[in-house]
Structures are given as structure tokens and as C-alpha cells.
Amino acid sequence: MPEKTDEAYMLDVQNGDLSAMAALFERYQVRMYNYFLKMLPDAAAAEDLTQQLFIRALHFRMKFKPGNVKAWLYRMATNLATDHLRMQSKNRGYQLELTESHETYADADHGFSENDYMALDRALLALDEEEREIIILSKYQRMRYEEIGAILNLSVPNVKVRVHRALIRLRKTYFKTVI
Amino acid sequence: MNKNECELFLEKLLDAEEPDQAARLLNDPHALHCVDCLEQAKQHVQLLKKMAHVPFVAPPASIQQHFYHALHQEMGTAKPPVIVRRISFGWVAAACLLLIAGATATYVFMNRNVPQVYTTTPVDVDTPPVISVSARVNGISMAADEQSEDPKLVATLLNILERDKNPHVRMAAFYGLAKYKAMQEVHNRLVSVLQVEQDPMMQVLLINLLTETREPRALDAIREIITNQKTRKEVKTLALSKM
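Protein chains in written order, with our numbering: chain S, 1 to 179; chain U, 180 to 422.
You may find that some hints are simply not true.
[What the hints assert, rightly or not] Derived BS3-like pairs (lysine-lysine); straight-line CA-CA distance at most 30 Å: (1) S/Lys-160 / U/Lys-182; (2) U/Lys-182 / S/Lys-176; (3) U/Lys-360 / U/Lys-415; (4) U/Lys-344 / U/Lys-415.
Quick caveat, the hints were computed from the structure, so don't treat them as lab data.
Here chain S stands alone, though its shape is the one from the complex (with noise of 0.2 Å):
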């Protein structure tokens, strides 16, 4: 049986099947975890943050016009992020680091070790919040420039220029430190 789109779960929650909101929770939680916890990246305000976006998609359903749902999550899922970061910055001394409770992995296949990955998760956080976002979207997210361009309403051609941008940005960055 073909998966049953986005688009027809949200026509259904909106027709007032609110079940349907849980396949669509089911589909995306864990993608949404993961973009708070590579834009933040503190674990418990990912968490927060993942709770929130979903209680509002709820909350909103009927705001939500025939369209992309899946742009329309990570729209607000951007704004979140942006909000938290925007409210972090005004604390005084705040810096943006990995904390302790920041998730380590290795891949032993690819010769890559925890260390690796814990310098690239620093370069990632060295970037500003839009270049940040840009890679995340596109290198960990795994999106289409399309996509990208949906979500952050810019057109194709804009969106690989601020990727391409970035990931200079990032291997200089990275590269500094490994060396």
C-alpha cells in the first residue's frame, strides 16, 4: 500500500481526524530532534524545542493552507531555533559550545573517530545561525536545494550560492582546528 502523503494526514487532522497528527509526529520527530540538537545544541532545549514545534503544529492545524507540509514544520522549526538562539545571545558572557551532555559517536568503518566528529560539531557551531542552518538543511537533513529554497523562501540558484558559501566556511574552519 503507498504511504499516505503529508499533505492528505494534514487535510485529514484538519477535517478533525487529530489521529492523524500522530502520523505525522511519528514521521518527523526524529529529524526534528536532530535539527535542534546540530542548531543548538543542547540536548534539553532541543528536546524543549521538538516538543514545542509539535504542540504548536497541533495548536495551528487550522492556520495551515493547502500547501508543503513539510516546509511548513521546518518554517517553524527555524523560528524556533532562531527565537532561542536570539534569547541565549542577550544573556550576558553567553557563548554557544558543546555541552556535557552533547551526544559523541565514532565510525569506525570510515576510520573517523570521536574526536572527529567533535571538532566538525564545533566548526558547525563557529558558523553564524544562517550558515549554520544552510548546512544542517542541506548536509545532515539530507535536502534538495528545492526543498531548502521552500522552507527558507529563497529561490534555487540563492540557496546553492549560501551552501556553497558555508561549506568554504565550514572546511576552512574545521581544517584550522584538526591541523
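For chain S, the structure is supplied; the task is to place chain U on it using the hints.
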């Protein structure tokens, strides 16, 4: 080297969306003659490979609980308890597991050389302590976040799913069991639970899981849910769509 050639090469490199595509450029005629561009290409390939292999982290069970709690409210079901926010610690393993069997409550600790979260409280069988719903949900969340496949944990979660009177606690147990859904024993018990479960949200969760895993024995239980006049409309709609 012609600056324009370097710019064109860099453009090609950045256009490569996958590590393999970028790796092919290491043999590009320009790269073979430009040390600087070759070095950039090698770095770029390494970077893309690393990013391509970053695993997704499993979200904590509390996110699901919080969402379904809110969904429950929207669907107009019984007033839920306050969900206590789980405090995250910087250590791995050790959980407080609450076994609830009838009127007796016991705290079981799975010690793995890490600080204990709760202190032991002697339990008088005749006058069992009242354990709040939020404390039970919290305890299950923490236990469920354990990564190891402990048969005792699975058995306990199944017990809670089958016997706890509160649907939020049963929901927490359900989510704790989700990662064991491939185990036949878990499957069998989930079907049994579906046959008797009355809470609409629990019915939704069970139907979703058992139809996702295409469990044939669940079909009779789902048919019963559809024909039962007491079943909520939303649950019937979902059950029909899954059939």
C-alpha cells in the same frame, strides 16, 4: 595556475552533493596540476564523508509522551496529570524502575556503577505508598532511555502496559517497548493488550504499531474495535484506514 581554472574547479567541487561525486574530482586534470586545489578537494571530500555518516540521535521518550499528552487533551479525553520534566544527567545507564503489581509498589534499581537517581524506600506491603502518575511516568522514561536490551526491563514494561490503571503510564510503557517491537513476545503481548485496551489514545498507538509491523493476529482485535459502538470516531477512522 590560471585563477579562472581554480574558480571553475572549486565551483565543480562545491556542486558535488555526494562524497563520491566530489571524490571523482580528485582525478580531475586540473587537480592533478594544482596542488592547492587538490588539497582543497581532499579536505572537501573528507568533510562531505564525515557529514554523510553522522547518525540521527534517537529523541528521548519524553517528547512522545508530551506530544501524546497534548493530543489526548485536544481529543477531549480525561484530564491528564502534570508531566514532570526529566532532568538530564551527564551519565549513561542506571535507571529507577518501578514495578507496579496490583496494590504493591517496589523500587528496583539497575546499578551500573553510577550515581543513583532515587533513594530506596522500604515498602510496607500492607500500606503501599502512593506513587504519583508523574513519578511513574518519569521512572519509566528514564528506564526506557536505556540502550541495552535487558529482558527484565522488557518484562516489567509489559507488566505495566497490561496492568497500570493510568493510560499515561501505560503510554510511557508503550513507548519504552517501541524499540523492542521486533521481539515476538512483545508482539504477542501487544496484541493481547489491544484486545482489552479501552483508552482511545492507547488504541491509536497500538493500532499504528501493529499494522506498521503487519501483525496478522491484530486484525481480529482491530475489527472488534471498528464494530464496537463505544469506540471513538477518530479511532474507528484510523482503524478503517489501516485495514
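Requested in this report: Please work out if U/Lys-344 and U/Lys-415 have their alpha carbons no farther apart than 30 Å.
Outcome: Answer holds: U/Lys-344 to U/Lys-415 is near 23 Å, not above 30 Å.
Query - Holds or violated: U/Lys-182 to S/Lys-176, with C-alpha atoms at most 30 Å apart - result: Between U/Lys-182 and S/Lys-176 the Cα gap is close to 23 Å, so the pair holds against 30 Å.
Requested in this report: Sort out whether U/Lys-182 lies within 30 Å of S/Lys-160, counting only the CA atoms.
Outcome: The given pair, whose Cα atoms are some 22 Å apart, holds under the 30 Å limit.
Requested in this report: With a cut-off of 30 Å on the C-alpha distance, tell me whether U/Lys-360 and U/Lys-415 pass.
Outcome: It holds: about 23 Å lies between the C-alpha atoms, which stays within 30 Å.
In summary, this structure violates none of the numbered hints.
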